[in-house]
Each structure stands twice: as structure tokens, then as C-alpha cells.
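When we follow the working numbering, the leftmost residue of the sequence shown carries the number 4, and every step to the right adds one.
Each hint should be verified, as a subset may be incorrect.
As the list claims (entries may be wrong) - Computed cross-link-like contacts, BS3-like style, restricted to lysine-lysine with a CA-CA straight-line distance of at most 27 Å:
| no. | residue 1 | residue 2 |
| --- | --- | --- |
| 1 | 80 | 441 |
| 2 | 82 | 151 |
| 3 | 95 | 112 |
For the record, the hints were derived by calculation from the structure and aren't laboratory data.
Keep in mind that this is a model prediction, so the values were computed, not measured.
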Amino acid sequence: MRRTWVYSNLLLLGSLLCFGCGGPDDRKMKFYQKGKALYAKGEYLKARLELRNAVQIDRKFVEAQYLLGMVELKRGKPKEAYAAFAKACEIKPSELEAQVELGKLLLLKGATEKAMEKAVFVLKVRPLHEEALLLQGALWLGSGAQGKTVQSMTEMLRRGTTRPDVYLLLAMAKRLAQDDTGAEKALLEGVGRNGASLPLHRALADLYAGQGKHQLAAAQITRMIELEPANHSHKITLADLSWRTNDKARALAGLNALLLTHPNDENVISEAAAFYLLHGQIQEAEQVLHRGILANRETLRLRLALSDLYVNTERSEKAVALLKQCVAPGKKGKPSQIASKNALAAVQLERGELDEAGRLVDEVLRESAGNRDASLIKGRLGLLRGDAPKAVAAFRSMVHDRPEEVEGYFLLADAYLLSGDTDLALETLRQAQKLEPKAVEVQLALARYHTLEHDYRTAERELHVALVENPRDPQLLTALGDLYFAARDQKQAQKYYEATKGTPAGAISGRVKLSELFSVEGKPEQAADQLAQAIEMAPDSDQLFGRLIQLYLRQGKYSEAADRCRERIAAAPKRASIHLLLGRVLGEQGDFARAEASFRQAEKVGGSSVQLSLARAALQGRAGEPKQARELFEQIMATHPDSIEAANDFACLLADSGNGGNDLQKALKLAEQVNLRRPGDPLLMDTLGWVHYRRGEYRKAAHLLQRAAVRLPHTAVVRYHAGMALYRAGKRALAREHLQAAARSPVAFVGKKEAQDTLRTFQ
């Protein structure tokens, strides 16, 4: 009894120490006042804690809910801010400030109708509410009603307001109405009344730069530097202006001076690297990041930036090596380790290394249950493995837990497509569109859906709508190029690939796409030139170099391909991937002994790998040793069951050299699985079609192989496969065209004699 009494009194004493003797109203006001003071000082995290204490005592404390929303805005947490403002409005609809802030957040999300409802509601109560008038003006501007915006902002200025954002909105409306003189007048008047307003100086700089008045633009940016000397972004903006006006020496001098005075500043290093990438200076961006990493040994941010650079310049093997250095044993659960593992898993996923990616995300989910990025990758793994139920479950869970994140919806739609639920897929994408009407990712997902349904016109319309808002988005430009490519409109495809090439993020990928297009058009020299340009931008990219070698092989230029490989080996003798590539070239030539010697050298400098094992298995098959090739493939599949390349190559071997019956059934299963995981890939489609051919299913085979041949018209073995399937399906005219192309090719391949013999039956 005494122990209970003592314990109760200790609890009471603790409560008194924490909260004093005041009641709930006193306590909530203390928390609120403290939070308000901290907010005024800019100590937002501490302010948040105090305000949360206040609303826990009284959930209907409107002022605290509103201020909590403002704190979350300052912290860059729009989702949490929206929830706080919505709660304040629910408690007290007449809380006008919260209604306006909700309207602003709705505008940012693209929900313009709901945002306008908020503005109108507030203005009915208080017609001269300035924040509501600004919100309404911005919404009019977005809907093309610039005249209404001009009238409203002009009236606000007449009433005596001098707010910078009124001048800014007025100038934007004038510019959209093609009245640059009026825009300049508004901005100059605004700067005269608000000399320290950075947005007004920035708007003037943009206006002058657009008019070619570069000295005036530079003067405005210089003023921004004077007003905010600690913000190095302004100096990089000035360098960007110099670069765009062909004064590259001044731009680089300013950038180098900034890096020299701030060699350890990760923000400066990141922005400088971004500047170089923006202007297509990939090697310089890489050097800046390398130096930054040397100066900041523990930095994760710069390593992740360098990893992204490698991935975007087709050097994912370097990204993997870099990120593996970040994943240190014995540091489980640390945020930096979790971020590193997720980044590494994402790169491995893109490379098709599904086992490795799966192991990493499982580790992360054990260390951080429900981790958003790991859950996302796990769902993607389900998609790539063709496991529709797992993918649907993963992405349903994501949408349920984070209904405000649009990415979950279009991934769930992909999972529904995989399971054959096309209606659910479209419904899910429409939900995403309601959530983020202008999101590029949603438009891309809708276009993919319509393309898979062979509704090319609707897909084209979706992409063009998105392009109006994002005219230089490389994803949209590439998607349009791909769409026209699939529809055989090569002129339009080239137009959009050229546009992709003209964007900083698409400089390399655009050239790769053009190379593929020119190859299909029978323009090998132009195809090689595009790849050479891409390699010049990322000279140590083995992936780009490999593409160039494959182009040579398709043209039958074996000696040139081998010579290029030897040149690269001479420059970097410890690059295992190039020794491996040389071995493959020699194998194509039929020089099996030298090919194996190259493979041994690759193993010596780089160790064993699944790629090396696959190359050896392929070499055995090409050398007429199917039994040894099969044994190697079975070993690879046992250790790497998720390898798309291994499954595809093994299916080819079983189709060509198997024992019929069970082997053909196994080949069909493998080929179907990889086509589900990577739909539309012409090489995988070719394998599946050829398996159907070997099974005597000629109509199915002809359908698939014709589609593959359209995408790979200069790949002799694919043309041979298409020709034989069409021949057996009774379509002799089409068969002759494909078989002639295969027989004319200088490339040696299994089946070339059969193509030639079959052609003779047409005579």
C-alpha cells in the first residue's frame, strides 16, 4: 500500500515539475506562446514540438493548428502543412488565413478549381483580403485570364499596397500579354519600393536576359549577390548568364573562384556540378564531384550525385562500385547506410541484377520496417519478376499508406497491367491524374497504358498535353520519339530524339536513340557518329562503347570491332569488361581459342562474374558444344535465377540445341517469363517467337518475329527467324523479303545455310 502511495505521489510530483500548477488552458497557452516565439526566431523544429504539445492538449485549438501549418511550410513539409490547415478550417471555417493557405497548397498540386473555391470563399467574407486576391490573381493567370490579373493587381496598388508579390504577379501577367514594357515598368516600380526584394530583382534579370539586355541582367544578379552574399546560387546564376552570352571564360572564372574559396561546401560543389551538367560538360562535372568527395571523405550526398551522373551517362557499373564503398559492414540501421543501400539497390534493379537488389532491400526493411524507398524497390522487383500478385500487394499498400504520393498509383497501374486487369489499371491512373493533373509521370504512365492497348492516337495526345507545360522534359521527348518509332513514323521520331539530345539530361540518351533510329534506317555511318558523340561526352562508359561494338558487329565489321577493343585495352589494360567484349567479338569471328584467352584475361583482372559465365556458355554453343553450354547455363540459372540475359540465352540454346519435348517446354517457360518482365524488348520477343517456331506454332511465331524484325531490321538472325516463321505460316512473299536480307548479311550465324537453302525453293 505504501509503495503504491509513494508511486502515485512521484507521478504527481513529476506532473507538477513538467506542467506546473496551471490547468489545461494555461498549459496549452504556454506551449502556444513558446511555439510562436520560436517560429518568429526561425527555430522551426523546436516551434513544431511546442505547438504539437498545444494541440495534443486541445485538438480544437485553431490558432495553434494554423501556426503549426505555417511551421510545416517553413520546414518544407507541404503534406503536413495541408493537414494542419485543413484541421483548422474544419474546426473553424471562418479561419480565413488557413483557408487561403489551403488554397495556395491546392494551387501547387494543380487542383485549381478547389483553390479558386477557397479564394472566392475568403473574398466573400473579406473582399479586400490581400492574400486571397493574390491567390485569385495567380489562378486567373494560370487559366489564361491575364487581363483579370492585371486589373486586380493594379487596383491593389491604387489602394496603397507596396507588396513585392503584387508587382511580381502584375509583371508576370504583362509578360504573358506580350507587354514587356509594362512588365519592366511594374518591376522597376516594385524594386523602387522594395529594394531588398530578391524575387523582384530575379524577375528583372530574367526579363532583361530574355530581351538580350545582358548587362542589365548581370547588374540585377550582382545586386542579388550584394543583398544575399552567403547564397552562392546567385553567383552560379551569374556564371550561367555569362556562359549563355558566350563569355565562357568569365563564367568559368567565377565558378572556379567560388570552388576555390569553398572547397568543402557540399552545396557549392553540388551546384557547380549541376552547372556543368546543364551545359553538357560531363567530364568537368565528374571532376568537381571527385574533388568534393576527396575533400569530404564522409559525404554521402556527393557520392549519390556522382552515382546519378554515372547512371545517366551509361556507366552504371561505376555507380555500383561507388555505392558499394558507401555500404559499410557493421553500421546497420544508420540513415546514411539505409540511403546508400536503397541507392545501390535501385541501380542494380536497373541493371537487371535482381537477386542483389532483393537482398539489399530485404536488409533495409529488416533495419527500417516500412521504409518507403525499399518498399518501392521491392514492388518494382515484383514487376520485373513477373510476379503480379506481389507487385499489386506492395503498391496497394503504398497507396494506402501514402495516398498523397502519385508515384504509387502509376506503379500500381503497372502491376494491374501485368495481371491483366486493364480496367483497374486505367482507373488507378485516373486517380493519380486527379491527385496531380500536371505531373509528367502520370502523363507518361497514361501514354504507356494507351500504347499497350494499341491506342496510339490517345497516347500521342496525352504526351503532347504534357509537353505544353514541360517543353524540354527529356522523358516526354523520348517517349514521343519512341511512340513515333513504334508507329514507323521515323521522321517524327528523329525530330523528338533530336529535341531530347538538345536537353542537358538527355544529351547522351538522345544520341543513343538517334543511333538506334539510324541503324534501323540503314544508315550505319550516322548511327556510329551519334554513338561516337555520346562516347566523347562520357569517354569511359563501357556501356556506350559496347553499343558501338555491337553496331560494328551488325555490319559485319569484325576486324574494326576487335581493333577498337584492343585500342581501349591498351589505354586501360585492367578493364575486365573490355577484355570480355573482345572475347565476344572474337567468338563472333569464330576464333574460339583467342576468345577464351580474352575471357581468361577478363577473369584475371576482374574476377568471375555472371557476364563472364554467360559469355563462356555462348562461346561453347557457338563452337558446337551444346552439352557444355547447357551445363554452364544450368549453373548460372542455379546461382542467378533472376538474370534476364541468362534466361533468354538459355531459352535460345534449348530451342536450337535441345532434345525437343521437355526442353522446348522449358524454353517456352523461360522465354515467356523474360518477356513479361521486359515487355516490348525485340531481342526477347525474337527468342519467344523462335521457341514457338521450334514447337511448330508458326502463326504465333510469325506474329512475334515480324514485330521483332521491324525493330531490328539489320540483325540478320532476327530476319532469318522471321523469314522461316512466315514461310512455314504460308506467307511466302513476306518470308522471301526477310530471308533475302538474312542471306545477304555478312554476319555469320547459325541457320544462315538454311536461309539460303529455303530461298532456293522460291526459284
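Hint check results:
1. 80 to 441: 20 Å, holds
2. 82 to 151: Violated. Residue 82 to residue 151 sits at ~31 Å, over the 27 Å cutoff.
3. 95 to 112: Answer holds: residue 95 to residue 112 is near 24 Å, not above 27 Å.
The structure fails hint 2 only (numbered hints given earlier).
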